[in-house]
Amino acid sequence: GAGVSQSPRYKVAKRGQDVALRCDPISGHVSLFWYQQALGQGPEFLTYFQNEAQLDKSGLPSDRFFAERPEGSVSTLKIQRTQQEDSAVYLCASSPRTGGNNQPQHFGDGTRLSIL
Amino acid sequence: QKEVEQNSGPLSVPEGAIASLNCTYSDRVSQSFFWYRQYSGKSPELIMSIYSNGDKEDGRFTAQLNKASQYVSLLIRDSQPSDSATYLCAVNKNRGSTLGRLYFGRGTQLTVWP
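Residue numbers (the numbering used here), protein chains in the order written: chain A, 1066 to 1181; chain B, 241 to 354.
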């Protein structure tokens, strides 16, 4: 497809389970971002990749959150030992070149994660 | 203080009216400014970007930037019911460790009634 693809669209997990969320960016896009969007709030930055290098992970809320992009294309966001406060929509975005200014980010439809 | 502030609304306007959405940001080094539209359950969709002071027009949309006042606005002329959505203001500082990161406001919910 032409856009950013995320899977699954919906994920329900029990507290304490591990989850993995996948992002397939637009082909050829160098930069990839993960954001977390709580209900009624704007997206909050989690982490940023330039190709396979994770250049900024300062937004990850705890060491239970881990992201990777081993071949510089598909990325996975993993959350270990999920907690109820992890319930949110997780958005992935990509942009064509390095993360400088003037680079619009294109978003996927997100994964809605619910922790019971 | 949040990096980006928006009036969460809701803002309600009649069809055909001008909708005015406002946003302020706290860090003067901010360089790039974006407006995204987000329909319920959907991803944010970029509708405008602006990088220098003044106005930028694209169809029914006009973005205005005033860096001295740290203020960005979006005007939607001839509002249509299909414009009903949440509008997110986003800022990129393009500086050092924050390179590429977007800072978002919480969004303004707009309803255009027929």
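These aren't lab readings, by the way, just hints derived from the structure by calculation.
Among these hints, one or two may not hold up.
[Unchecked claim] Not everything, but these chain B residues come out facing chain A in the computed CB check (under 10 Å):
1. 274
2. 281
3. 284
4. 289
5. 326
6. 340
7. 346
8. 347
9. 351
10. 352
11. 354
It should be emphasised that the depicted structure is a prediction, and the values quoted were computed from it without experimental measurement.
Note that the Cβ used here is the ideal one computed from N, Cα and C, for glycine as well.
For each hint, the structure was consulted:
no., hint, result
1, 274, "7 Å, holds"
2, 281, "8 Å, holds"
3, 284, "5 Å, holds"
4, 289, "6 Å, holds"
5, 326, "9 Å, holds"
6, 340, "2 Å, holds"
7, 346, "5 Å, holds"
8, 347, "5 Å, holds"
9, 351, "15 Å, violated"
10, 352, "20 Å, violated"
11, 354, "26 Å, violated"
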